[in-house]
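Enquirer: Those protein sequence lines, which keep their order, are chains A and B.
Numbering-wise (the numbering used here), the first sequence opens with residue 8 and increments by one.
Numbering-wise (the numbering used here), the second sequence opens with residue 8 and increments by one.
Honestly, the hints are just simulated from the structure, not real lab data.
Keep in mind that the hints are not guaranteed to be accurate.
Stated by the list, open to error - Here are the computed distance ranges between Cβ atoms for each label pair: (1) A:A344 <-> B:D40: 44 to 50 Å; (2) A:A340 <-> B:Q151: 47 to 53 Å; (3) A:D365 <-> B:K375: 51 to 57 Å; (4) A:Q306 <-> B:L334: 48 to 54 Å; (5) B:G253 <-> A:P425: 47 to 53 Å; (6) A:T101 <-> B:R44: 18 to 24 Å; (7) B:R249 <-> A:K292: 44 to 50 Å; (8) A:G255 <-> B:G253: 39 to 45 Å; (9) A:T101 <-> B:K698: 39 to 45 Å; (10) B:L334 <-> A:K549: 37 to 43 Å; (11) A:A340 <-> B:G159: 48 to 54 Å; (12) A:A340 <-> B:A286: 27 to 33 Å; (13) A:Q306 <-> B:G255: 52 to 58 Å; (14) A:H299 <-> B:G255: 37 to 43 Å.
Stated by the list, open to error - DMTMM-like mimics (lysine to aspartate or glutamate), calculated; alpha carbons at most 25 Å apart, straight line: (15) B:K599 <-> A:D197; (16) B:K81 <-> B:D197; (17) B:K292 <-> A:E579; (18) A:K118 <-> A:D197; (19) A:K337 <-> B:E331; (20) A:K337 <-> B:D105.
Stated by the list, open to error - Over 12 Å on every C-beta distance to chain A, these chain B residues come out as not near it, computed from the model: (21) A108; (22) N217; (23) E289; (24) K324; (25) G328; (26) D365; (27) A575; (28) A581.
Even glycine gets a Cβ: it sits at the ideal position worked out from N, Cα and C.
There are 2 protein chains.
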Amino acid sequence: MTLSLSRRALLFLGLGATLTLPVLADEGMWTFDNPPRQRLKEAYGFEPSQEWLDKVRLASVRFMDGGSGSFVSKDGLMITNHHVGLGCIQNISTPENDYVANGYYAGAREKEPACPGYEVNVLMSTEEVTATVLGAVKPEMTDQAAREARKGATARIENECATASGLRCNVVSLYQGSEYHLYRYQKYTDVRLVFAPEQQIAFYGGDPDNFTFPRHDLDVAIFRAYEAGKPVIPPAYLTWSRQGAGDGELVFVSGNPGSTSRLSTVAQLELLRDLVLPANLEFLKRRLALLHAYSARGQEQARRAKATIFGLENGQKALKGRLEALLDAKAMARKAADERALRDKVTADAALAKSLGDPWATVAAAQKKAASRFKESRFVGFGGSRLLGIAGQIVVYVDEVKKPNETRFEEFVDANLPSLTNRLYSKAPIFDDLEEATLTDQLQYALEGLGKDHPFVKAALGGKTAAEVAKDAIAGTKLKDVAERKALVEGGTAAVAASTDPMIVVARKLEPLAREIRKWSEDEVQAPTTRAGEKLAQARWKTQGKTVNPDATFTLRLSYGVVKGYPAEGTEVAPRTTLHGLYDRSASWGFKGPWALPQRWLDKKPALNLETPLNFVSTADIIGGNSGSPTLNKQGEFVGIIFDGNIQSLALDYFYTEDQARAVSVDSRGIIEALRKVYDAPALADELTGK
Amino acid sequence: MTLSLSRRALLFLGLGATLTLPVLADEGMWTFDNPPRQRLKEAYGFEPSQEWLDKVRLASVRFMDGGSGSFVSKDGLMITNHHVGLGCIQNISTPENDYVANGYYAGAREKEPACPGYEVNVLMSTEEVTATVLGAVKPEMTDQAAREARKGATARIENECATASGLRCNVVSLYQGSEYHLYRYQKYTDVRLVFAPEQQIAFYGGDPDNFTFPRHDLDVAIFRAYEAGKPVIPPAYLTWSRQGAGDGELVFVSGNPGSTSRLSTVAQLELLRDLVLPANLEFLKRRLALLHAYSARGQEQARRAKATIFGLENGQKALKGRLEALLDAKAMARKAADERALRDKVTADAALAKSLGDPWATVAAAQKKAASRFKESRFVGFGGSRLLGIAGQIVVYVDEVKKPNETRFEEFVDANLPSLTNRLYSKAPIFDDLEEATLTDQLQYALEGLGKDHPFVKAALGGKTAAEVAKDAIAGTKLKDVAERKALVEGGTAAVAASTDPMIVVARKLEPLAREIRKWSEDEVQAPTTRAGEKLAQARWKTQGKTVNPDATFTLRLSYGVVKGYPAEGTEVAPRTTLHGLYDRSASWGFKGPWALPQRWLDKKPALNLETPLNFVSTADIIGGNSGSPTLNKQGEFVGIIFDGNIQSLALDYFYTEDQARAVSVDSRGIIEALRKVYDAPALADELTGK
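Turn these sequences into a full structure, and let the hints steer you where they fit.
Expert: Written out as structure tokens, the structure reads:
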């Protein structure tokens, strides 16, 4: 559930407002068609022009595997986080050239290698389509019928748009389903790597320092978008600031926050606290133990598992923080009191109460249902192996695309198919031994969790051991070959039904069970929750006015805040770190472990201006998906790049406070200092700074 | 109560064990006659020889105004904290030469200036005298009679010892009054300043960074002891370590922890929580506001108030931390459970129960009594002004010394008189305007707190305003002249009774009231608490064995621990900081405020090895009074000097855990690097390192 967007989405957790509070000072992830003009003017005397807004929007990019970024040169350079680009860096690495460990700098355009399966989007325009979407829903419809009606209307709008514009078109549900907007994206799928530092400096401090501040990470990677073999001339790009951002300075973050839980009911939070988060943590613990054991087999195995371990450890720390927040009895009591207050207001308004019914009870009932089959929902599916995931996607694909758009699973509707196939046909390497280890564990885990008599376990194992099934399927499958995947997809139902590929055979056996539980969950849990959510939104808007921005939806938003330290551990945490701090932390730990420095950083130290800022914090409101978002000043210049939130922000996914939660950026000055003095990349630094 | 020892004592707060737990790994402030040989051997394979113990003991010094230190050269150099030596540094400063702000380096022995009122002690030998002291107490005696019997026996032992040895002799009560030991001290009263850095670097980070880690303070001051105009040849001195202490290394702390509350009952902690600490915090807030307003009058005023503000802010932060600890309902519940468990054990042993009675009830009743007159005990006395304090001491002195030793107030018994007069006759400067401001406020505060009809308020104000009384008394008094004080003391009761000095007149009026409340408190609160404490100690020893070390008594103790980081803020705090960290913190705050650097440190940066360790943490068990204690390695070499505990140690005055609480030292390597490269003091560095 919390792992749904992508592991990267976990990097940022929401700064939540409680139900009855108005939006706080720097709170809010605002859509570009409705920026917080009034609040910016009142609090900071700043009024962004339409031109300013358009330029920032058009310079912002979304990385489809869960991050954000921006164009930063007229020749299509894009900057994002190293951890957003890690998949690519790992995929173009080989045992001989480990660019994750050693970093990468192409040095010349013709040498820039393509990233398999990458896609970035630029939001070209938006248009409200609420009337059309909600007009398709009749009051007498069941929850399920209402959902299909909305989906049908949405798909029609998307298809018409795509045909007319040639763009990627998505209808986005905002304000808990009370508004629908059509988003049109320019899409780039030829994304090439230009520069990446060593992971050791990008993720400096490793798992211990993750989600913390003070911090010393050069968490950046630089890509270039291409079209027809040539660098893209982007619709807009950001000017690089040589001054960075000063203390108390107003800054903006333009990016794609993934999802927030700010409007969740107590029943939803309790399910998370009591069932979902503990189960996810149990899974992460188990899988990490397995991966560490796999890594211990040798250097090459360690290299193969590195990106996955990185993601899972990151998730583990984030989930622990969230669970701790929910275990805070006082905070939960406040949340409950807020909810009661809203319910009381609704009850006090007879007409409103009649029109809304009791959406809280509906949500609570849906959570109870979810709990009743929670164990199955954890195991039934195509998890544990990339190859099984691919096989499962193919098997479902050929069935889904035959249906009308509105009855398909979300990722198979026409508007999403190009992205799906882009990933399905990715040439990213797959390692048999790693696949075998994780798939064996996943099947064994399901056996332990569901018991040997559960239909899923029977279907998956067929009387064999988990290890046997995994070994046979991986040894025999041809799905590592992208052409094989294409042939099956293009061959449709018949080809899939006839396939003797052992992984497809397994996926075929599992497919009805996976479909059943997913359909059940969508009908019995999600559909009523969504419709109740619309009513909760109404309750909120009608009693409190439209004082808040919509929950995050992995679409483009503008946040703002100020560069500002915060109190912690009895003192004041400074708003930034410098290169001095990097060397201090390393020396303090004896240059060892997660605080070891790449050799290059030791060698080049005398050349560096050690007072150069490296990372800084601001009060901007961010969450998972914002990774790689540019941090901008009032002139719309690039002053830094978001890469994390501090540990305090973990507690705030559900309970908002601005006291300590901070967004963490790499400073634009630190990036240039490193490119020039550590990486001998003056040409790249010049291109970024427009010199 | 918590302010009783001295403001410096607040720098360290106890790492307390709960009642029913055995002593934990590195817990304990051990007397030198009973070092934890067994534990050191088992945990660290180390067995200190008697020679090792004697050398460390004889090289350790106690600064009588509340700190510790050590001899570090054969020519009598002593090192302690800057904040322990601050009184001297301030006192030898003038408006033209502000050594607190600018630092001080004598450069040659003949230039080393004397510190007014200073006294340091070296513990030459100890001897158990329990039989004699407790033999004087008969079971049928009242609590008050028992106290006088103990005091009488104690005074006789001390006087005999002083006469025989010429040393300072004190009987120390250990293990909650179940053991008494005679401590013999060599005393040095000619203490001269050799070196002090700027307070800005000694107390780098100011109030915000106080009680925190990571930390970057050069909190040292170097003195030399003289006798008969010549440098003292100390009984022993510590060799300076050039290697410092490594990660996980066993280290020792030899110093004078002031007091611990590890054996306090729940009733005592509740009184602290509900009455004492909130009142002290209210006072500190008020007095600090006054002093800040006074400082704002001008640069010279700011200079005059600096040391006092430093002390009060320090106290404020410490008390806030303690209060927070006591407000932790869970921790208090644990404490209560521990206490119940001990009571149950006593109840289960009929003979023991009969012999002990119910000491918990006795303590609780005494706390109730204390609460009944708590407000008076806050105001009735000679507080608010140094001159009034001196006047009060003189007035009481001439009465007290006429009595037999055992019936005098503690500080007036023969053994303590030399120290008392050393301080009473101190030439430390007194500033009229500052005196007037604080005395006015103190009298006004008493008026507000007690009401205009309270006898103390009537006696103090006599119908005038607080401002009038303060102004007249300070303008008219001659007590700034040390000779005047001596004349009154030597003139005895008659001279004091005849004095028309207006401050003496005020003190005479207040004296009966101050005496009454103090006597009442000693008889009604302290005497029964002390006797019940002995019984609580017996309950503990008899049911659990003598598994713990005695509570701290501002006498010499040996602690031990390892150099070790700790988890905080989601990551691992490194065990040390380096000079890189100092410059990082300063640059991160724009070289401003508490993080500004002295000009010398900016100028000399290029000369420094920035990877030199500056501060480090260890698990050694310390508390207020340990300020300036040497940190030693297994070879007994000086590897650092204690100057603080981290913020987590504040919560542990009452509830022990080793998870995060740490003692903070300045690293021996950082001191030498600074002396050589920043302060151009190679001769001093050579003397310290024995080069």
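Enquirer: Hint says 52 to 58 Å; check whether the CB-CB distance for A:Q306 and B:G255 agrees.
Expert: 28 Å, violated
Enquirer: Next pair to validate is B:K81 with B:D197; report whether the Cα-Cα distance is within 25 Å.
Expert: Distance of about 17 Å is within 25 Å: holds.
Enquirer: Taking 44 to 50 Å as the hint, is the beta-carbon distance of B:R249 and A:K292 inside that range?
Expert: Hint holds: Cβ distance 45 Å, inside 44 to 50 Å.
Enquirer: Between A:A340 and B:A286, is the Cβ distance one that fits in 27 to 33 Å?
Expert: 31 Å, holds
Enquirer: Taking 12 Å as the cut and beta carbons as the points, is B:D365 off the interface with chain A?
Expert: 36 Å, holds
Enquirer: Assuming the hint says 39 to 45 Å, is it satisfied by the Cβ distance from A:G255 to B:G253 or not?
Expert: Since the Cβ atoms of A:G255 and B:G253 sit about 41 Å apart, the hinted range of 39 to 45 Å holds.
Enquirer: Measuring from beta carbon to beta carbon, are A:A340 and B:G159 in 48 to 54 Å?
Expert: 59 Å, violated
Enquirer: Over 12 Å to the closest beta carbon of chain A is the bar; see if B:G328 clears it.
Expert: The assertion about B:G328 is violated, with a minimum of 7 Å to chain A.
Enquirer: Test the statement that B:K324 is away from the interface with chain A: the closest C-beta pair must be farther apart than 12 Å.
Expert: The claim breaks: B:K324 does not keep its Cβ more than 12 Å from every Cβ of chain A (closest is about 7 Å).
Enquirer: Determine whether the Cβ-Cβ distance between A:H299 and B:G255 falls within the hinted range of 37 to 43 Å.
Expert: The hinted range 37 to 43 Å is violated for A:H299 and B:G255, with Cβ atoms some 24 Å apart.
Enquirer: Could you see if the CB distance from A:T101 to B:K698 stays within 39 to 45 Å?
Expert: With Cβ atoms ~56 Å apart, the hint is violated.
Enquirer: A:K337 and B:E331: Cα distance at most 25 Å?
Expert: 17 Å, holds
In summary, the numbered hints that this structure violates are 1, 5, 6, 9, 11, 13, 14, 15, 20, 22, 24, 25, 27, 28.
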